[in-house]
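Peer 1: Each chain, letter by letter, is given below.
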Amino acid sequence: MEYLIHIGIILGIYSILIASAQLVIGHARLITLGQGAFFGAGAYFMALSMIHLKLPFAAALLLAVVGNSLIGLLLALPAVKLKGDFFVLTTLGFQFIIFQLTYNLKGVTGGSTGLGNIPFIKLPGIWPGNESSYLLLLTVVLTVLVFLLLHRLQKSTFGRNLRAMVDHEILYKASGRSEIKIKAQVIAISAGTTAAASALFAVYMNFLDPQAFNLDKSILILTGVMLGGLTRLRHALIGALTITLIPEVLRLAGLPAAEGASIRQILFGLVLVVLVFYAALKRHNQGERDMK
Amino acid sequence: MNALTDLVLQVLLNGLVSGSAIALVALGFSLVYHTTRIFHIAYAALYALGGYTFWFVHFQLGADIPVSLLAAVLLSATASLLLWLLVYKPLVKMGSASNELMVASIGMMMVLIYLLSLIFGTEPKLSSTGNDGLISARMLQLVLTLIVLSAILLITNKTNVGLKMRAFRDNPPLLKRFGVNSIRLTTSLFLLSGLLVGLGAALSTNDLGISPFTGVHVFINAFIAVVAGGSGRVSGAVIGGFLLGFLQSVVVYVAGSEWILSVSFVILILIMLIKPEGITGMAYRRA
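Heads up: the protein sequence lines correspond to chains A and B, in order.
Residues 5 to 296, numbered by my numbering, are exactly what the first sequence covers, in order.
Residues 3 to 289, numbered by my numbering, are exactly what the second sequence covers, in order.
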């Protein structure tokens, strides 16, 4: 039972991470390697405000969402003016800057030794279960909230504007709208919703280590988005399910932990390459059929 | 006063050595980047491959330096060639967009880097030379790099190869129309690029050692050098590399080595913002 609860919480965290990244990668067509940094920034906001400011979970979450959105805007300021390669390069740099900050500011974050003793959520007196089952409930609630929010966003004027910007950039600009502004908004919103995953992670782990939010995490999130699909929210769920379950399957298959971690990353790398080839072949065959 | 000049000299010398290291890998990167425009991040893994090969052959098997250099260079070049022939080329032929090539490259980087850490472990491998060894390692690095850099610059600027490269960058259809085989040109550029990154990795490993993700830092440095050098010329990468090297050695002195990458990035962003025409002027080509 505890194992299933664990899987449930991890699945919820990845679902939020991937749905948030989908907004940037899928809807705004901006490949980013910085989502792991947002995940980390949110987690440190969360942990530090719970430890030092003694804030309750909800207030700390609010602070993390606002803080992450501001950091998102900070990244967006230079990044959205740049196209293609230069955008990705900037997000990659952002990923390393956040990592170096969390790793080197030992007085604040504990550096490589980590940041421990993050307080848990106060359980309401009437809750019959234990701490982890309560966190699972909270995970489900937050995941549903984030998905509802992202769903509303897609259906709103903002979502339509975003589609218009991606499909007809020049027309969009010609109509007097700023494509820089909407891209910046997308990044800030995505960073904000990512903070929900950070909050759950910080409380669940009770301990933060900069290594949990490195480039690998950003690539893992990218893999999840590519695996599930670029636009539909339920595809984000499929992506999250796959990347949550693959490590479990590998573990059940009896791979030792040390090699298992590397093999898992090799597998995820291969998945990315295969997905690109699959898309290319599908399009290629489609093209040949159209020729006939 | 004497101490001050010593210090300046030291910082300058460090800058020259790290600048030459960056320039070498930046040149290799720019050869394929300026012609194919692929976000070739798997280049980071080719660096790691060269570094680990050198470390294994030189420090583990005990072969002397020329043999170890050769092994590293050959392995990196072969991997670079295979990457182009088996991954990028088929995708380019099927008309994949630049975003898709980028994702494939990220995937290949993960595969190669974690294969290396599966074999060698994730702990950094140090070069086990003493202080005297360190100085000779750095001298070797500097001299060999300068020779190779001049040779490549001479080739690309004075011969037909460089002309073809520039033509390919500016107008691929026209080049094809004139009967130049662009696929063969790209193949040879990937080979050359692999040679350069293998050499750069081996020389740096001889000095500083290697770990699985060193290549990613080096890739970022190379990319920054290429962007800072600007204008899309091959020599830009070399100039950018040396500038970045000097800058980083100052940063190391002022702020400490743990902030190098962050400072370099902030400077990159400043360059891109203050002088945006330098970037957009690089004939950005959409697939």
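In case anyone wonders, no lab produced these hints; they're calculated from the structure.
Mixed in with the good hints there might be a few duds.
What the hints assert, rightly or not - Okay, the calculated beta carbon distance ranges per label pair:
no.	chain 1	residue 1	chain 2	residue 2	range
1	B	A65	A	E263	24 to 32 Å
2	B	L11	A	A178	55 to 63 Å
3	A	V144	B	S190	54 to 62 Å
4	B	K95	A	A63	51 to 59 Å
What the hints assert, rightly or not - Result set (DSSO-like, lysine-lysine): computed pairs, CA atoms no more than 27 Å apart in a straight line:
no.	chain 1	residue 1	chain 2	residue 2
5	B	K95	A	K87
6	A	K286	B	K127
7	A	K159	A	K58
Unchecked claim - Reference listing, derived: stretches of chain B covered by chain A, where coverage requires no fewer than 3 residues with Cβ under 8 Å from a Cβ of chain A:
no.	region
8	17–26
9	44–52
10	98–111
For glycine and all other residues, C-beta sits at the position ideal for the given N, C-alpha and C.
Peer 1: For every hint, state whether the structure bears it out.
Peer 2: Here is how each hint holds up against the structure:
1. Checking the proposed 24 to 32 Å range against A65(B) and E263(A) shows it holds: the Cβ atoms sit about 28 Å from each other.
2. Distance hint for L11(B) and A178(A): a CB-CB separation of about 57 Å, consistent with the stated range 55 to 63 Å.
3. Separated by about 56 Å at the C-beta atoms, V144(A) and S190(B) satisfy the suggested range of 54 to 62 Å.
4. In this structure the supplied range 51 to 59 Å holds for K95(B) paired with A63(A), their Cβ-Cβ distance being about 56 Å.
5. For a cut-off of 27 Å, the pair hint linking K95(B) to K87(A) stands: about 23 Å separates their Cα positions.
6. The straight-line distance between the Cα atoms of K286(A) and K127(B) is roughly 43 Å, outside the 27 Å bound, and the hint therefore fails.
7. The straight-line distance between the Cα atoms of K159(A) and K58(A) is roughly 38 Å, outside the 27 Å bound, and the hint therefore fails.
8. Evaluation of the coverage hint for the region 17–26 of chain B: breached, as 0 residues show C-beta separations to chain A shorter than 8 Å, against a requirement of three.
9. Taking a C-beta to C-beta cut-off of 8 Å, the region 44–52 of chain B contributes 0 residues in contact with chain A, too few for the three needed, and the coverage statement is violated.
10. Beta-carbon proximity to chain A at under 8 Å applies to 12 residues in the region 98–111 of chain B; the threshold of 3 is reached and the given coverage holds.
This entry does not satisfy hints 6, 7, 8 and 9, going by the numbered hints stated previously.
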